[in-house]
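**Student:** Sequences and hints are given; from them, build the entire structure.
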Amino acid sequence: LADPAEPGAIYPLAVRDRSFMEELKDTSIHHTALRLAEDVKTMKLYGNLYKMVQKLSCSPEVDKDDMKQTLESAIKSNGLEIEIRNVIYHLIRNTVKSDTRPTPASSDPLNYLRRAGIQWERRVRKSLNSMCSESKAQLHGQMRTASDREEILSKWDELSTYQIDLSNYRPVYAPKDLLDVLLSLKGPMKQDETDFLPKWEFSHISLTVKNLCQLRTHFSEVLRNDNNFGDWSVTCQKVLKTRHAPLCQQALKKGVTPPPLRGALWSYVLGSQVEQHHVEHWEALRQSVLTNESIVDKLVFKDVQLTATNDDRYFVFEDVLYQIMLCFSRDTEISQLIQVEFTNSAKAKQYEGPPCGFVPFHGICMLAAPFCYLYDNPVSLYYTFRAFYIRYCHRLTTINTHPQGIVSLCLLFEKLLQTHEPQLWSHFRELQIQPIRVVFKWLMRAFSGHLPPEQLLILWDLILGYDSLEILSLLAIIILSFRRESLMQVTSVENIEAILSDLSSVKVLPLIQLTLSRD
21 LADPAEPGAI YPLAVRDRSF MEELKDTSIH HTALRLAEDV KTMKLYGNLY
71 KMVQKLSCSP EVDKDDMKQT LESAIKSNGL EIEIRNVIYH LIRNTVKSDT
121 RPTPASSDPL NYLRRAGIQW ERRVRKSLNS MCSESKAQLH GQMRTASDRE
171 EILSKWDELS TYQIDLSNYR PVYAPKDLLD VLLSLKGPMK QDETDFLPKW
221 EFSHISLTVK NLCQLRTHFS EVLRNDNNFG DWSVTCQKVL KTRHAPLCQQ
271 ALKKGVTPPP LRGALWSYVL GSQVEQHHVE HWEALRQSVL TNESIVDKLV
321 FKDVQLTATN DDRYFVFEDV LYQIMLCFSR DTEISQLIQV EFTNSAKAKQ
371 YEGPPCGFVP FHGICMLAAP FCYLYDNPVS LYYTFRAFYI RYCHRLTTIN
421 THPQGIVSLC LLFEKLLQTH EPQLWSHFRE LQIQPIRVVF KWLMRAFSGH
471 LPPEQLLILW DLILGYDSLE ILSLLAIIIL SFRRESLMQV TSVENIEAIL
521 SDLSSVKVLP LIQLTLSRD
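The opening residue of the sequence shown carries number 21 in the numbering used here; numbering runs sequentially from there.
Just so you know, the hints here were simulated from the structure itself, not pulled from any lab data. Be aware that a few hints might be false.
[Unchecked claim] 25 angstroms max Cα-Cα, derived PhoX-like pairs, lysine-lysine:
#1 Lys273 to Lys261
#2 Lys64 to Lys84
#3 Lys71 to Lys61
#4 Lys273 to Lys64
#5 Lys96 to Lys258
[Unchecked claim] Simulated restraints, written as ranges between beta carbons of each label pair:
#6 Lys196 to Thr62: 34 to 42 angstroms
#7 Ser524 to Leu451: 20 to 28 angstroms
#8 Asp168 to Arg244: 53 to 61 angstroms
#9 Lys196 to Leu310: 30 to 38 angstroms
#10 Asn114 to Met72: 20 to 28 angstroms
#11 Asp86 to Leu111: 28 to 36 angstroms
#12 Asp185 to Gly99: 48 to 56 angstroms
C-beta atoms are modelled at their ideal positions from N, C-alpha and C, and glycine is treated no differently.
**Tutor:** Structure below.
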């Protein structure tokens, strides 16, 4: 090797280092590919994919003397490549967990937050178990009587006519209960480091959230004005023909998705296209509902009646919502996919939860209701809602350290409010009203039941397009900002909530574009 001190000697060293780094990169890619291949083998669709490749390998398109090249060409020409690409795309997205890096408890500043999440889950499970004891009901169900089985089967498509006594049942918890726990969180805090900081309710939580400049960069494509919206429907149809999930996701970023194409685009982005094994799983869930009853069934009926049934935009979907939520509560695949940690102590008393892995809260059916506008088929509706819940909504209903979990969204909201609406922030503080209290229900329900359906679906387009729930906190700030004048004139939380109760005039896309385009 040349002496590094000599002129020009650095070049061969740089080449050697670059070659070494490329070798490391290739090795990393190789190991990642092997891991993904093993993960694919565990998926239900693997058997079907394998059979299709086997069938292609025996076709005239494949030359046994040039198996590798001709098989790859056959896979591409028969559309199987796109299907495999989509599988890998969803697998990578769903296995990247920014919340699972092992950190010694003693050095983890967020360990108290993780403990709080475990304690919260234990608390709601305990409440559900207590409700079971009080009502002498079974958590995991008991066989229906023959007459009950016949009745629910005959009324499966009209479950609103299925008679059930709900007088002794109440929601296990509501958004307010979770917020009270969040506001009571006390983490490690050094007094001398916090004296000069603004006193946010969540300021002591050391989670990193974006500022407005970073949000502007993240959602930059919302601001693009390509002046071709008239042809956008044609473009989206072309995108759908490719069946390529990343392209479908890109198409949602503009926030101008043609309504007739929205359901298909969402299915590709979430990987929820219905295959035969999905139909079989749905039928198994349906049979479980027809043959067994549990206390969660009562909670489902109660929740739909308290929310969707009383909403003039969703009451027509009451029957299908019963079907979706009853099957949802029995789906053990959900608990496997979410993988929530339930206890941190072997000594702590264990409390069982529903088969789906979590306790339904007041308003959970409103997370499913908007999908009723997209799909006529309950099976397609179910799997797209399930995928949306697993990827996004469950982070809104648990105490977690995820950058897009409910704690992070609350912190983002408060920092944006204090930074960009200081007058409004000061007004809330003078009234001794916690700002998060007036918007928390928006965040936890992702605005469902608050925005008109057509505007809510645009908002959810952006969630899917940018794979981000941060748009919820941003929209909450925008609504408060545009109603600042009215809010500044009132002095009670009741009047503040009255001003913010009607969001029927809110136009999501123009407001977000206007806010992000400001200097």
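**Student:** Could you run down the list of hints and mark each one as holding or not?
**Tutor:** Verification of the supplied hints:
1. Taken as a hint, the Lys273 and Lys261 pair is honoured in the structure, with Cα atoms around 18 angstroms apart against an allowance of 25 angstroms.
2. Among the hinted pairs, Lys64 with Lys84 is inconsistent with the structure: their alpha-carbon atoms are about 29 angstroms apart, more than 25 angstroms.
3. At roughly 13 angstroms between alpha-carbon atoms, Lys71 and Lys61 fall within 25 angstroms of each other, so this suggested pair holds.
4. Note on Lys273 and Lys64: the hinted pairing is violated, with a Cα-Cα distance of about 30 angstroms set against a maximum of 25 angstroms.
5. A distance of roughly 18 angstroms separates the Cα atoms of Lys96 and Lys258; the hinted pair therefore holds under the 25 angstroms criterion.
6. With their beta carbons about 40 angstroms apart, Lys196 and Thr62 fall inside the hinted range of 34 to 42 angstroms.
7. One distance hint, 20 to 28 angstroms for the beta-carbon pair Ser524 and Leu451, holds here, with the actual separation near 26 angstroms.
8. Distance hint for Asp168 and Arg244: a CB-CB separation of about 56 angstroms, consistent with the stated range 53 to 61 angstroms.
9. In this structure, Lys196 and Leu310 meet the distance hint of 30 to 38 angstroms, their C-beta atoms being roughly 35 angstroms apart.
10. At about 22 angstroms, the beta-carbon gap between Asn114 and Met72 stays in the expected band of 20 to 28 angstroms.
11. For Asp86 and Leu111, the hinted distance range of 28 to 36 angstroms is satisfied, since their beta carbons lie about 29 angstroms from each other.
12. Taken as a hint, the range 48 to 56 angstroms holds for the pair Asp185 and Gly99, whose Cβ atoms sit roughly 53 angstroms apart.
In this structure, the earlier hints numbered 2, 4 are contradicted, and the remaining ones agree with it.
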